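Participant: Listed here are the chains, written in short residue letters.
Protein chains: 4
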Amino acid sequence: MLITIKKSASAAEIHSVQQLLDHHRLGHRICENRTQTVIGLEGNPSEEIALELRKLPAVEKATRISTPFKLASLAAKPEKTVIHANGVEIGGDKVVLMAGPCSIESQEQLDLIAVELKKAGVAVMRGSAFKPRSSPYSFQGMGEEGLKLHSGAQKKHQMATVTEVMNIQDVEMIAQHVDILQIGARNMQNFDLLKAVGKSGKPVILKRGLSATIEEWLLSAEYIMAHGNPDVILCERGIRTYETSTRNTLDLSSIPVVKQLTHLPVIVDPSHAAGRTDLIPALSKAAIAAGADGLLIEVHNDPKNAKSDGKQSLLPQDFTNFVPDLRKVAEAIGRSL
Amino acid sequence: MLITIKKSASAAEIHSVQQLLDHHRLGHRICENRTQTVIGLEGNPSEEIALELRKLPAVEKATRISTPFKLASLAAKPEKTVIHANGVEIGGDKVVLMAGPCSIESQEQLDLIAVELKKAGVAVMRGSAFKPRSSPYSFQGMGEEGLKLHSGAQKKHQMATVTEVMNIQDVEMIAQHVDILQIGARNMQNFDLLKAVGKSGKPVILKRGLSATIEEWLLSAEYIMAHGNPDVILCERGIRTYETSTRNTLDLSSIPVVKQLTHLPVIVDPSHAAGRTDLIPALSKAAIAAGADGLLIEVHNDPKNAKSDGKQSLLPQDFTNFVPDLRKVAEAIGRSL
Amino acid sequence: MLITIKKSASAAEIHSVQQLLDHHRLGHRICENRTQTVIGLEGNPSEEIALELRKLPAVEKATRISTPFKLASLAAKPEKTVIHANGVEIGGDKVVLMAGPCSIESQEQLDLIAVELKKAGVAVMRGSAFKPRSSPYSFQGMGEEGLKLHSGAQKKHQMATVTEVMNIQDVEMIAQHVDILQIGARNMQNFDLLKAVGKSGKPVILKRGLSATIEEWLLSAEYIMAHGNPDVILCERGIRTYETSTRNTLDLSSIPVVKQLTHLPVIVDPSHAAGRTDLIPALSKAAIAAGADGLLIEVHNDPKNAKSDGKQSLLPQDFTNFVPDLRKVAEAIGRSL
Amino acid sequence: MLITIKKSASAAEIHSVQQLLDHHRLGHRICENRTQTVIGLEGNPSEEIALELRKLPAVEKATRISTPFKLASLAAKPEKTVIHANGVEIGGDKVVLMAGPCSIESQEQLDLIAVELKKAGVAVMRGSAFKPRSSPYSFQGMGEEGLKLHSGAQKKHQMATVTEVMNIQDVEMIAQHVDILQIGARNMQNFDLLKAVGKSGKPVILKRGLSATIEEWLLSAEYIMAHGNPDVILCERGIRTYETSTRNTLDLSSIPVVKQLTHLPVIVDPSHAAGRTDLIPALSKAAIAAGADGLLIEVHNDPKNAKSDGKQSLLPQDFTNFVPDLRKVAEAIGRSL
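Protein chains in written order, with our numbering: chain A, 8 to 344; chain B, 8 to 344; chain C, 8 to 344; chain D, 8 to 344.
Calculated from the structure, these hints are not laboratory results.
In this text, all values refer to a predicted model and were calculated from it rather than measured experimentally.
Hints should not be assumed to be uniformly reliable.
A pair holds if it fits inside one copy or across any two, identical chains being indistinguishable in the list.
[As the list claims (entries may be wrong)] Listed below are the simulated EDC-like cross-link pairs for lysine to aspartate or glutamate, each with C-alpha atoms no more than 20 Å apart in a straight line:
#1 K314 <-> D29
#2 K202 <-> D177
#3 K314 <-> E49
#4 K101 <-> D332
#5 K126 <-> D309
#6 K335 <-> D100
Build the full structure now, drawing on both the sequences and the hints.
Facilitator: So this is what it looks like as structure tokens:
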């Protein structure tokens with residue numbers, strides 16, 4: 008159940024709602040964001056308790072919701088969420104292109120790539136300065152220095168920026184440099200990090216975990232929302248299966264499934280899913296046809312010498328070449344790009 | 008290695024090729040189809056043996072092939088295979104629609120469905136009379152009686168037909184009634200059945216096994232080809248993963264992967280993959296965008312009372328409604344439908 | 008539901024049971040084995056229909072069974088099934104050792120291995136003459152010739168024999184040569200083959216499919232039982248997962264799970280699961296500790312030159328060396344070996 | 008490669024090693040723990056560079072290591088690591104029992120459970136005060152208050168303690184209250200957390216991620232070790248597969264696989280793997296037989312009203328009942344319990 012609190016409610020009035028819930032041992036959490044205050048309940052109470060709740064002065068409405076995620080559910084908000092990040096609209100009619108290198112390496116690298124991406128219609132430039140790497144001996148990213156380059160380069164080229172955040176201590180600092188925060192697949196259930204980005208005030212791209220169910224993915228979105236941030240962008244990036252011809256198995260069914268469950272936008276990262284560049288054009292077209300609101304693609308000016316993920320990074324020109332095809336598919340399904 | 012035998016070669020000359028291979032303990036198999044005779048080798052011999060082989064009078068050429076499948080490989084045949092089944096072309100520019108009920112139940116059922124499908128542009132009608140069912144107590148199909156209905160109905164409505172074959176004893180009988188044989192996912196590595204349909208003279212739709220790698224799938228195609236049948240249509244129908252919001256996980260990456268490995272056409276069955284009808288439109292569009300040569304979709308006039316797979320069967324009208332959208336996507340990628 | 012038919016029931020009386028089921032459109036199948044006749048129902052009928060059924064003269068009892076498998080369920084038969092094969096008891100207190108080569112290759116090979124195995128306490132010798140191979144160019148087995156060697160060698164060394172059967176045409180012939188038939192993992196849902204071994208009169212080892220759920224595995228056992236053969240031995244041999252350090256992931260949880268669901272014995276094949284010999288001792292001990300009724304292990308006198316599965320085959324002596332450890336574990340859990 | 012630094016080396020001498028590595032663009036990291044300083048390299052350098060390295064005054068030895076984990080490898084340290092935590096030895100001959108509730112709920116709860124566990128021979132009591140929960144509306148743990156209870160109760164009952172740590176900010180505080188830190192499966196690749204517990208000075212139980220390969224698991228152990236902590240205890244707790252009869256699939260093969268790769272101890276958590284209590288006895292016996300150095304089992308005095316994981320928690324008495332059977336299996340393989 009989701010209890011919407013009246014704007015006029017006093018702290019004491021809200022407190023008495025919580026007391027009633029505590030009395031009935033109903034797990035709950037008060038969630039405030041920029042437009043409303045709600046109380047999320049773990050389950051749905053009995054009809055009797057619901058009646059009691061609805062009589063309380065602080066309660067505007069109390070909506071039964073059958074899914075374990077509440078704020079993220081279509082039952083809570085039937086209209087699609089459109090997210091704004093530095094002038095870019097995500098979740099609207101237009102399919103949004105996001106691209107860039109895996110790791111930020113230098114000013115020159117960013118400039119070289121940004122010029123090409125901008126021409127191709129890319130709205131959001133990716134690039135990370137803190138990298139989750141399997142080995143402690145691998146390059147771990149340029150750190151804040153890199154973020155400054157990212158921020159500078161993108162102001163120059165007029166694109167919004169996205170970067171990965173890996174721990175709660177960095178959230179505030181990173182939020183000052185970029186427009187969108189990204190939670191990587193390995194951190195999808197790093198609940199303290201989810202809480203922290205919930206309080207960051209910046210839109211968040213939430214990548215699906217390597218073995219996360221769609222329900223778990225939406226519950227992680229719920230964490231972010233329940234801590235004050237309604238601007239969550241889901242990102243399908245492949246799940247781990249037995250198949251080895253691709254790095255992960257891109258689960259494009261998740262796009263229409265998610266659209267039946269939530270109002271949040273969902274984008275697709277074919278680069279991490281495939282782990283090889285030759286499949287990117289086909290998978291990008293398929294993602295748009297399946298209903299994705301955007302694409303997140305790795306592009307690097309010198310993939311062979313990239314500090315990470317070179318194998319799955321396209322050259323700017325190879326990326327640019329298939330953008331017109333993406334546009335045609337977007338138009339075929341009644342969208343633009 | 009694949010050894011192409013000269014058309015003029017005598018039996019004795021061919022025999023001496025095999026003797027040489029036996030002498031060097033090289034696993035091989037002689038494969039004859041309607042246009043050529045080849046000898047497939049398990050691996051690739053040394054350069055010395057290759058030289059010896061190429062000197063033999065029966066040998067036209069001896070091609071090293073790095074993949075474990077040989078006849079199915081692009082190295083053996085770089086141009087795309089186009090398969091003809093009762094006037095329908097599979098693997099050409101046109102994306103082929105195949106649809107129909109899971110089980111054949113009656114004359115009326117087939118007629119009702121066929122009329123609608125024909126109008127929507129469906130070229131191949133599916134329907135099975137022998138059903139692989141998990142439980143021995145479930146409906147096992149109408150048997151030959153059903154095939155006669157299938158064959159009759161389709162002559163009347165002028166569509167090609169496809170039906171599942173489950174055991175070697177039925178291959179010949181079934182091949183007399185329908186235009187295309189189908190090997191189900193559970194039989195993808197029923198090697199004796201693959202050999203039998205290899206000798207059937209009819210095109211074969213080979214569904215990917217629930218946990219088959221792409222390499223194993225192509226090796227199963229190789230079995231059919233190595234036993235004389237070059238007309239294999241691959242069919243992606245979802246793989247088994249931990250995700251439960253869909254019946255199986257449709258692996259659309261397999262389409263571009265397979266296109267890089269083989270000249271055979273590949274189609275997609277979104278119905279069995281999703282196990283629910285609401286995802287079929289999105290997945291069908293995505294499949295075409297990913298490069299599929301056709302779609303295989305379950306359509307039933309009365310899904311609630313279907314003898315099998317009702318949950319994933321569309322009503323004819325619901326199917327018909329999204330065909331124009333499929334056409335737009337096909338045209339966006341330069342194909343027709 | 009499972010309807011037990013009275014021994015005294017006439018054909019007409021049985022027919023009237025089936026008529027009643029047909030009238031109520033209840034999927035069912037009549038199953039006869041050497042001791043009883045039962046009718047298995049796909050689901051459970053309403054209480055009213057159950058009452059009607061119980062009044063019919065042919066009906067001894069009608070047992071509601073909540074699982075989709077009926078004859079295989081503990082509800083149908085609470086006491087453990089003990090299977091006898093040429094003097095060997097499977098499913099009793101004693102843990103049964105089954106071992107031998109993957110493929111039968113020659114008389115010498117069988118004799119060399121058999122002598123060692125016999126000394127180590129192996130009761131059943133494995134060895135196949137028809138091999139399911141991923142590639143059509145790989146060695147496909149010696150055929151009936153091999154079975155004769157198998158049969159001869161084992162008479163000489165006084166062990167029971169098991170061999171794989173791959174197609175319905177060979178069932179009868181193979182059943183004449185060996186004591187136990189084996190259905191391989193790739194054929195676990197080759198339903199026509201299950202029906203055929205159901206009529207064979209020989210005990211059947213049913214390997215779990217690479218991606219079969221436990222329920223599907225037991226339903227495949229039910230197929231064999233419903234076609235007249237109560238002597239099914241389940242065999243866990245690993246399932247396909249993303250982990251690559253082993254060939255498959257041995258699911259030892261399936262042992263206690265299966266014991267809670269069925270009265271059938273269950274054995275473990277660590278060789279195919281691991282795909283490497285160094286894990287076999289540890290996995291064999293774990294399998295016994297988990298409650299397995301037997302082990303099926305690949306042993307070959309010359310693994311490097313084995314015609315199949317050499318990588319996972321132990322030398323006879325390496326196998327013999329850890330048998331005493333297995334015995335200790337069996338005794339620790341109150342069994343013998 | 009792993010470069011061992013001489014105890015006598017000066018900072019400047021160590022710096023010149025790093026300079027040489029930087030010059031050759033070799034990813035590396037300097038790792039200091041209580042007994043030694045080493046430099047881990049991402050890969051292995053050429054023989055020429057190795058020669059150069061070995062000539063430097065700071066270098067004691069430079070060992071080529073073929074696995075991506077270095078400190079954790081058997082090549083770096085062939086003898087088994089035995090870890091000491093408040094008097095308990097983990098990784099020695101004795102199999103260690105660890106048990107307790109999922110969440111710490113009250114003083115009474117801890118006392119009730121501790122008395123029984125102590126009698127049964129449990130050496131380490133588990134209990135968490137910070138809980139990773141899929142839903143933001145579920146009970147999130149008692150926090151530091153709970154840790155104080157945990158610490159107090161265990162002093163009273165003389166057991167070592169283990170608790171989960173979820174974020175870097177809590178590491179220091181938690182390390183003051185308990186003897187062993189636990190990294191949960193969902194945080195196995197939360198690299199900043201791994202670094203933080205690397206500096207904590209306390210032994211760490213590292214649970215395997217739900218879809219982590221064994222290599223990734225050992226690389227996460229390497230993170231902890233490379234940041235100063237040699238005391239890592241691996242914990243197998245099941246991986247995510249398609250099978251639904253258990254919550255996860257316990258991968259007992261990982262025990263012997265890990266033993267071939269690392270000197271670190273490995274324990275098994277059958278409770279989280281199975282998600283149901285009826286399988287715990289069989290899986291515990293199997294884990295010991297497979298070579299596990301310990302067990303981690305959920306025990307709760309009132310599972311039905313547990314604040315988390317009630318379904319998989321044993322009653323103290325049910326746990327106590329099968330401990331003698333575990334002892335017999337341990338003795339059968341030459342260990343004690």
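Participant: One pair to classify: K335 and D100, alpha carbons no more than 20 Å apart. Within, between, both, or neither?
Facilitator: Both. Shortest intra-copy (14 Å) and inter-copy (18 Å) distances satisfy the 20 Å Cα cut-off.
Participant: Within a copy, between copies, both or neither: which one fits K202 and D177 at a CA-CA cutoff of 20 Å?
Facilitator: Both ways: K202 and D177 sit 13 Å apart in one copy and 15 Å across, limit 20 Å.
Participant: Measure nothing new, just compare the shortest in-copy and cross-copy C-alpha distances for K314 and E49 to 20 Å and report within, between, both or neither.
Facilitator: between (44 Å within a copy, 13 Å between copies)
Participant: Are the CA atoms of K126 and D309 at most 20 Å apart within a copy, between copies, both, or neither?
Facilitator: within (19 Å within a copy, 52 Å between copies)
Participant: Reference check for the pair K314 and D29, CA-CA at most 20 Å: within, between, both, or neither?
Facilitator: Between copies, since 14 Å is at most 20 Å while 52 Å is not.
Participant: Go through the copies and call it for K101 and D332: within, between, both or neither, with a Cα cutoff of 20 Å.
Facilitator: Answer is both: 15 Å inside a copy and 18 Å across each meet the 20 Å cutoff.
In this structure, none of the earlier numbered hints is contradicted; all agree with it.
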